[in-house]
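Could you put together the complete structure from these sequences and hints?
Going down the list, the protein sequences come from chains A and B. Counting from 1, position 313 in the first sequence corresponds to residue 313 in the numbering used here; the numbering is continuous, with no gaps. With positions in the second sequence counted from 1, the corresponding number in the numbering used here is that position plus 331.
Treat the hints as calculated values from the structure; they're not laboratory data. For every residue, glycine included, the Cβ atom is placed at its ideal position computed from N, Cα and C. Worth double-checking, as some hints may not be accurate.
[Said to hold, decoys possible] Here chain A is said to cover these stretches of chain B; the calculated rule only asks that three of the stretch's residues, wherever they fall, bring their Cβ under 8 Å from a Cβ of chain A:
hint	segment
1	419-426
2	476-488
3	499-508
2 protein chains.
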Amino acid sequence: MEYFLGCDLGGTNLRAGLVNATSGDVLSLISVPTIAREGHAAVMARMANLLNDIIRDSGIPTHLIRGIGIGAPGALDIQNGRTLRLPNFPGNWPNVPVADTISAATNLPVYLINDVRAITFGEWRFGAGHGANTLACIAIGTGIGGGLILDQKLHLGYGGKAGEVGHTVLDPHGPRCGCGGQGCVETYASGPAIAAMGLKAITQGLNTSIGALVDYDLNRITPKVIYQAAMEGDPVAREIFDRAGQAIGLLAANLIVAVGPDTIVIGGGVAQAGEILLDPIRRTIRNLIKIFSVDEIQVVPARLGNDAGVIGSAMWARERNLLRAPTRVQD
Amino acid sequence: MEYFLGCDLGGTNLRAGLVNATSGDVLSLISVPTIAREGHAAVMARMANLLNDIIRDSGIPTHLIRGIGIGAPGALDIQNGRTLRLPNFPGNWPNVPVADTISAATNLPVYLINDVRAITFGEWRFGAGHGANTLACIAIGTGIGGGLILDQKLHLGYGGKAGEVGHTVLDPHGPRCGCGGQGCVETYASGPAIAAMGLKAITQGLNTSIGALVDYDLNRITPKVIYQAAMEGDPVAREIFDRAGQAIGLLAANLIVAVGPDTIVIGGGVAQAGEILLDPIRRTIRNLIKIFSVDEIQVVPARLGNDAGVIGSAMWARERNLLRAPTRVQD
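If you want it as structure tokens, here you go:
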């Protein structure tokens, strides 16, 4: 039996857990505030304490705990375990030696991976994409990220850039994106894009119950509120999710013709909307792809929920560890 | 020294050659008309004769000739060496056992591969993409096809479907495509799409020299004529190639964010237009991708020209042959 720690370094919370590498079960799980404004040294100290607490409290003999995987939201130097740029963190963490620092504090080998690639890897190993040979994961939250499993291997691409599918351009003249570009799928289907469609519907005076649900306080409009309106039968709210689904469907269709996945996993907070989002995704794929049959391609919701990042980064550590000599702590 | 035969099964011509697997040099090369209307049995008999002629006339000892790769334009069952559907061939060749038939006639192991995947593989092994780790090839001709080399391996995808990038949808409401869909990149940037833009310019009475070049006979408009006008400084003709390049650039940008290639190879007959096509491709990639730097990504013209398919399918045969026991002729 082998165990690995997985840690999800989020802008709001640090989540970490001990994962049974055979079953994918998460044994201990702790979530604490990241408090990113304190800077990377303080965050890494908190992370190391969290991980050491989990190791100590788990009751698992330490020699069975083989390594740590850390999922981080941004560009990374995976080879050297350093962050290159975490755009949502104060100071952006340029060239922070996360792996070395955490390794020194825990005496375990540490491997960095992009947070959404970790989710992709987790869903493939123990979640909705289990058993897929070639899989594309699209995670829809504040942003849209993704990852590819190609022939049973996590595909990293040049500089680990593969999987930035949120910045697939659907319309070169479309809305401005946070990345500086225009018309990225993120501007049509992310959580904020869905909320903005709700704001627009109210501001334009469309006949919708979304406004009433928040006492006409625009500050309280979230994808969840729009989801609630849709579930109560509001046609404007349903159309908002339908449009978001169409944008994701176009992205998915273009991934299918280029990469040939057998499975598409839709994850992230927004994916909790379920069928009102999945249905337009599946419909759009069928409508757009005529060059070959898409009947056998599965479009499925993610299954590991908030644990996907922890499980995925732990399993990534196992994957990387297999390539290392057992006595080396750091490469 | 090892040699493999490569054969490019085209709708118009059958091209075959003997390839030195170490250098990529094509020793003998023969091209004969396919005469596809005679049916698959006649075409395969002609192919077998062609291949046996090359073997006999090459002067290479037969024990050094290890196998045959055949590139075919359509959907294939690679594992069993059968065609599934060749849309441009009379009868469409459903379930034709090409590998078994040619193997029986030549006494060599035979491997099938999609023609554009063969070009991709050839350009990667001995052409413009030599040395790339992760490469996307976009071949622009009558249609638009492609292929991916991922971590130094030809990526096939589910059912060998990966690489159908010509049917990436740029606009779900765009022009009807031959595949039955709408707004595929093929409708904006293939040879016929470029010719159609020239036809439209003349019909609309735009101020262009394209018409004069063909004595105002619309039947004679080809991408080559428009290229000639562009080279002579005609701004309408230049804009036609610019628009085609922008469409290819959008396709390339979306491949880059999803798959992370370090090299993009632009091939096919239309790519012979050179910089007037490559320049808008590179410009569009730079304009669209803001999420990470694209400075190090190479966008290069294909280098093997008409031999790419022959070299690529021969090298594919070598690749597949390495996985087989030497005494087995067919798996």
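Verification of the hints:
| no. | hint | in the structure |
| --- | --- | --- |
| 1 | 419-426 | violated (count 0) |
| 2 | 476-488 | holds (count 8) |
| 3 | 499-508 | holds (count 5) |
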